[in-house]
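Trainee: Residue-level listing of the chains:
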Amino acid sequence: MARYILQRVLTMLVVAWVVVTVTFFMMKALPGGPFSSEKKLPDAILKNIERRYKLDRPLMEQYFDYLKNVVVWDLGPSFKYEGRTVNDVINKGFSVSARLGGLSIIISLVLGVPIGILAAMRHNGLIDRTVSGLAILTAAAPSFVIAGLLQYFLAFKLKLFPPATWGTPEHYVLPTLALCSFSLAWLIKLTRSSMLEITSQDYVRTARAKGIPEFWVVFRHMLRNALVPVIASLAPLTAGVLVGSFIIEFIFAIPGVGREFVISITNRDYTVTLGMSVFYGFLLTGFTLIGDILTALVDPRVRLEKEG
Amino acid sequence: MSKPLLTIEGLETQFKTYAGLVQAVRNVNLTVHEGECLAIVGESGSGKSVTMMSMMRLLAKNAIVTGRAEFNGVDLLKISNKEMSKIRGREISMVFQDPMTGLNPVLTIGTQMREGIMLHLGMSKAEANNRAIELLNKVGVPEPARRLNQYPHEFSGGMRQRVMIALGLACNPRLLIADEPTTALDVTIQAQILELMKQLKKELNTAIILITHNLGVVAGMADRVAVMYGGRVCEVGTCEQIFHRPRHPYTWALLRAVPRLDEHKRRLESIAGSPPNMLKPPGGCPFHPRCAHAMNVCTGEAPEMTDLGANHKAACWLMHPDAPKVSFDQEVTKA
Amino acid sequence: MAISDSRFAPLPDRQSAADRITTPPISFLKDAWRRFKANKMALVGLAVLILFILAAFVGPYFANHSYSDQSVILHDKPPSGEYWFGTDALGRDLFVRVLMGGRISLAVAVFAGLLQLAVGVAYGAIAGLRGGKIDNLMMRIVDIMDTIPLTIWVILLAVLLTPGLTTIFLAIGLVYWTNMARLVRASVLALKEQEFMLAARALGASRGRLVFRHLVPNAMAPIIVELTFSIPRAIFTESFLSFIGLGVSAPMASWGVLASEGFMGLRSYPWELAYPAAAIILTTLAFNFVGDGLRDALDPKLRR
Chain A
1 MARYILQRVL TMLVVAWVVV TVTFFMMKAL PGGPFSSEKK LPDAILKNIE
51 RRYKLDRPLM EQYFDYLKNV VVWDLGPSFK YEGRTVNDVI NKGFSVSARL
101 GGLSIIISLV LGVPIGILAA MRHNGLIDRT VSGLAILTAA APSFVIAGLL
151 QYFLAFKLKL FPPATWGTPE HYVLPTLALC SFSLAWLIKL TRSSMLEITS
201 QDYVRTARAK GIPEFWVVFR HMLRNALVPV IASLAPLTAG VLVGSFIIEF
251 IFAIPGVGRE FVISITNRDY TVTLGMSVFY GFLLTGFTLI GDILTALVDP
301 RVRLEKEG
Chain U
1001 MSKPLLTIEG LETQFKTYAG LVQAVRNVNL TVHEGECLAI VGESGSGKSV
1051 TMMSMMRLLA KNAIVTGRAE FNGVDLLKIS NKEMSKIRGR EISMVFQDPM
1101 TGLNPVLTIG TQMREGIMLH LGMSKAEANN RAIELLNKVG VPEPARRLNQ
1151 YPHEFSGGMR QRVMIALGLA CNPRLLIADE PTTALDVTIQ AQILELMKQL
1201 KKELNTAIIL ITHNLGVVAG MADRVAVMYG GRVCEVGTCE QIFHRPRHPY
1251 TWALLRAVPR LDEHKRRLES IAGSPPNMLK PPGGCPFHPR CAHAMNVCTG
1301 EAPEMTDLGA NHKAACWLMH PDAPKVSFDQ EVTKA
Chain P
2001 MAISDSRFAP LPDRQSAADR ITTPPISFLK DAWRRFKANK MALVGLAVLI
2051 LFILAAFVGP YFANHSYSDQ SVILHDKPPS GEYWFGTDAL GRDLFVRVLM
2101 GGRISLAVAV FAGLLQLAVG VAYGAIAGLR GGKIDNLMMR IVDIMDTIPL
2151 TIWVILLAVL LTPGLTTIFL AIGLVYWTNM ARLVRASVLA LKEQEFMLAA
2201 RALGASRGRL VFRHLVPNAM APIIVELTFS IPRAIFTESF LSFIGLGVSA
2251 PMASWGVLAS EGFMGLRSYP WELAYPAAAI ILTTLAFNFV GDGLRDALDP
2301 KLRR
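Residue numbers (our numbering), protein chains in the order written: chain A, 1 to 308; chain U, 1001 to 1335; chain P, 2001 to 2304.
Hints listed in this document are in silico derivations from the structure and should not be mistaken for laboratory results. Keep in mind that the hints are not guaranteed to be accurate.
Subject to a maximum C-alpha distance of 30 Å in a straight line, what follows is the list of computed DSSO-like cross-link-like pairs (lysine-lysine) [to be verified]: (1) U:K1082 with U:K1003; (2) U:K1280 with P:K2037; (3) U:K1061 with U:K1016; (4) U:K1061 with P:K2077; (5) U:K1061 with A:K189; (6) U:K1280 with P:K2192; (7) U:K1086 with U:K1202; (8) U:K1198 with U:K1086; (9) P:K2030 with U:K1061; (10) U:K1003 with U:K1201; (11) P:K2040 with A:K159; (12) P:K2030 with U:K1016; (13) U:K1016 with P:K2037; (14) A:K189 with U:K1086; (15) P:K2077 with A:K157; (16) P:K2040 with A:K189; (17) A:K189 with P:K2037; (18) P:K2037 with U:K1061; (19) U:K1280 with P:K2040; (20) P:K2133 with P:K2192; (21) U:K1016 with P:K2040.
Generate the whole structure from the sequences, applying the supplied hints.
Mentor: Structure, rendered in C-alpha cells:
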C-alpha cells in the first residue's frame, strides 16, 4: 500500500517538474514577462526583482533556484502584474473555492448515491424513470447552461436568490446547485447501473437462496460491491468539479481560484495559468489517493493485490 | 418407500424476452421422497436448472411460472415471498454450479455462513460461529476457525465449493438441491465432493436433487433418475431401471454416448443435430428431430407419460401398443 | 410385422434435417443491427443526429439571411416569423447562426474524435502488443497525463498555440485519446491470449494478418462505442473553451460562442442562450443514446 502511494506521489512530482520547467523557459523566452528588459519599471523595483530572482546568475542556476522555490511552494511571480505572485492569487481565492467545491462534492455524494440506489430498487417504476430521465437530461447539459437556467428562473424571474457575487448564505445556493448538477447526475446514473448489474450476480443469488430477506440482501451484500465503482470514480468526479468551478465562479462573479484561473487565461498571464495547473494537479492527486485508500478499505481483493 | 417430500405437478415456465416467449419448462412432473437422491439429467438447455429455480422462486422478473410444487403440504408457487424466504435456506437449500462467483467477494466466509444460521436458527453470533466451525469441519475444510475470517478469494475452487455445500447444509434442510456442483471442478476434487455429499446424506437423511449432465456421477450417487429434454421429462425411474432397462430413445442415446473402456469401438458416439430452439420448440415430442425412431405421430402431439410399472415411466410414442417394438439391445447390436 | 396404424409409420428419412442447425445463422453485424433497431431511444437519437447534420450543412443555403448579416436596428428581437430564433445583439439571424454553429461544433467534435481514435488506437495497440518495458513506459506516460485534469491540458495547449479552429480540435484530440488508448490496450491484452488467436497462429497466420483480420475486428466494438461517446465530450469541451474565450473568432461562431454571447443578454433576451443551449443538449443526448444502443447491440455476450 505504501509503495503504491509513493508511486502516485512520484508521478505527480514528475508532472509538476515538467510543467514547472516549461513555465520557467516560457518566462524567459516569451516577451512581456516579468523578467524581460522591456518593462519600464522604476529602478528600485527592477533591482529588487533582479536580486530576488538572481537574474545575473547563469541560466541553469536560475532554473534550479526556481525549482527549489517551487518545492517550498513559491510558485514565482505573475507574468503580467508586477508585485503579484502566483501564490498570492491562489491564497486569495482558495477558501472561497474550497467551500463551494467541497459543498458540491458532498451534496453530490450524499444525495446522488441514495437516489441511485432507490432508483435501482424500484427498477422501471415511476421513481426510476423520472430520476433516470432527469439525470440523463442534466448530464447532457453543460454547466453554464444549468447556471444560466438557474440564474434566469430563480434569480431574475422569481427573484429568490441573488444572481451573482458572494457574501451571504443565499449567495451559495445557485452556484452550488449549478456546480454539483453534473456530478450529481453522474453519480445517480453510476450507482443505479452498478446496483442493477450486481442484482443478477451469482453471489446475490446465493444470498437469496439462503433465504435472506431482500432488505438485507440489498444492504449487506449488494451495497458494498456496488459502491466500489462509485468510489473509484471519486477522482474524476473531483476533477469535474474543479474544472466546473472555472465557469461557475466566472459566471457568478465569485472571487475564487477558478475565476482567477479564467482571468489569467484571458490575460495570458502564463505563470499564473501554469502555476495554478500544478496546484490543481496536486489537489487531484490528493483526491485520487483518498479514493484509492477508500477502495482498499471497501474491497478486500484490492488489498491483497497491493500488498503482494 | 418413504413419504413424498416434494411433488411437482404441471410446472411450466416461460421467459419474456425481446425476441419472444421462451418456453423453458413444459409440463414437468417430478416427485422426491424423504432421504432419497433424485438425479435430473439432460443436456444444457434442457430445462433442468430452470425447473429448480422456478420451484425456489429465484428467477428474474420476466419469468412466468405456473403449476404446482407441493413441499410439506405447502404449494411453494402460491405462498408469499416472505414465507418463501423462510423456507429457502432452512427447509430447502440450493448449491450452485460456480464456486468462483457464488460467494460475495467483499464479505468474510464467516459472515456469509453465520448469516443464514443466525437468521433461520435464531442463534447468537457466538453460537453461530461454533456451528459454522462444526460445518466446515464436516465438509473437510482445514483450520476452520482461522478460515472463517478469510475472504472467498483466499480459497481454492474445491474449498469454495465445500463452503457452498456447508452453507447449503447449515440449517439441516430436508431437501438439498445441487445444481451441477462438480462441473466447474477438477476430476479428483469432483470425486471428493461427491463422496462428501453421499456421506452427509446418510448422516443427516437429507433428500438431494442432483442436477447434472454426467451419467457417471448419476450412477455413483442417485437412487432415482429423471431424464429431461427440451423442457420436458422423457423418462423417470430408479437408477437400475434407467441404466439397465431404459425405454426412451433419448436415454438410449445418452447411454450410448458414454465412452467405455471395455469395448473396441473406434468412433465416439454422439447424438446428431443440436438442442431445440426454445423460442419455437418443435411440435409434438421435442426429441423427434434427432430421434432415430421418429414416427409421423411424433411431430403432432407430445406423448404422455406411460407407466411401465414399479414407478418407471417414459414419455414416448413407442410405448403405444400400436407402435413398432424397439428395444435398447437391438440398438446396441445394430451399432 | 405390418404396421396397422399409419400414425406409427416411421418419418421419412431426414438425415439432413437432423444435422441442420435449428436457428438460421445470422451474421454478427446483422444481429447487432437488429438489436440496435429494437432500441427505440437509439433510433430516435440517430434520427435527430441525421436531421441536425443535414440542417447544419445544408440548411444555411436555404435560409433567408446569412450568418454574418448585421442589422443593428433589429438587434435582440424575440423569435418571429421572419427570424425563427430571433436576433442577437448585432441583429444577426440566430437561427442561421445556430445552424452554422452546428457545422463548426460538429466538425470540431468529429475531427477531434477521429484524432483521438488515431492516436489512441495506435498507442494502445502498440502498448498492448509489445508488452513488457515498452508497455510499462507508455502507460506511465498516460498516468502522468492523468494527474492533471485533462480539460486543463486542453486549456494549456489552447493558450500556448494560436487561437483558432485548428487549435481547438488539435488540443482536444491530442489530450483526450488516453481513454481510447487504455481501452484498446485492454482489448489487445485480453484478445492476445485468447484461443482463437492461438488457433490462427497454429494454422500459419502471419503477424500482420493476425493483427488485422483477427485482433482488430474483435476489438472494434468498444472502439466504436468510445468514439461515439467522445464526440459529445468534445462538443462540451469546445463550448467550455469558447465560453472562456479560447474558441473561434467572430463572425464565425460555434455553439459555445453563441452560448457565451447569449449569456450577456440573459436577463432580457433569454432565447439567445436557450437556442444554442438546446442544440448542445439535444446533440449530446442523441450521441449518448446512439452510443448506448451501439454498446448493447455490439456486445457479443448478449447475442442470441
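Trainee: Hint by hint, note whether the structure agrees.
Mentor: To see whether the hints hold, each was checked on the structure:
1. Annotation: proposed proximity of U:K1082 to U:K1003 holds, straight-line Cα distance about 27 Å (limit 30 Å).
2. The hinted pair formed by U:K1280 and P:K2037 meets the criterion: a straight-line CA distance of about 22 Å does not exceed 30 Å.
3. In summary, the hint linking U:K1061 to U:K1016 is supported, as the alpha carbons are separated by about 9 Å, within the 30 Å threshold.
4. For the given pair, U:K1061 sits about 55 Å from P:K2077 by alpha-carbon distance, which is inconsistent with the 30 Å threshold.
5. For a cut-off of 30 Å, the pair hint linking U:K1061 to A:K189 stands: about 22 Å separates their Cα positions.
6. Proposed proximity of U:K1280 and P:K2192 is contradicted: the alpha carbons are some 38 Å apart, above 30 Å.
7. The suggested pairing of U:K1086 with U:K1202 holds, with an alpha-carbon distance near 25 Å, which does not exceed 30 Å.
8. The hinted pair formed by U:K1198 and U:K1086 meets the criterion: a straight-line CA distance of about 26 Å does not exceed 30 Å.
9. Restraint check: the Cα-Cα separation between P:K2030 and U:K1061 comes to about 29 Å, which is no more than 30 Å; the hinted pair holds.
10. For the hint linking U:K1003 to U:K1201, the alpha-carbon distance of about 16 Å falls within 30 Å, and the restraint holds.
11. A C-alpha spacing of about 40 Å is found between P:K2040 and A:K159, which places the hinted pair above 30 Å, so the restraint is violated.
12. Pair hint P:K2030 plus U:K1016 holds up; C-alpha atoms about 22 Å apart against a cutoff of 30 Å.
13. Restraint check for U:K1016 and P:K2037: the C-alpha separation of about 18 Å stays at or below 30 Å, so the hint holds.
14. Pair hint A:K189 plus U:K1086 does not hold up; C-alpha atoms about 34 Å apart against a cutoff of 30 Å.
15. Restraint check for P:K2077 and A:K157: satisfied, since their Cα atoms lie roughly 19 Å apart, inside the 30 Å limit.
16. Our distance criterion of 30 Å between C-alpha atoms is met by P:K2040 and A:K189, whose separation comes to about 20 Å.
17. Of the supplied pair hints, the one linking A:K189 and P:K2037 holds, its CA atoms being roughly 24 Å apart against a limit of 30 Å.
18. For the hint pairing P:K2037 with U:K1061, the CA-to-CA distance comes to about 24 Å; that is within 30 Å, so the pair holds.
19. Proposed proximity of U:K1280 and P:K2040 is supported: the alpha carbons are some 25 Å apart, at most 30 Å.
20. Between P:K2133 and P:K2192 the CA atoms are separated by roughly 17 Å; this keeps the pair inside 30 Å, and the hint holds.
21. Taking the CA atoms of U:K1016 and P:K2040, the gap is near 18 Å; set against the 30 Å cutoff, the hint holds.
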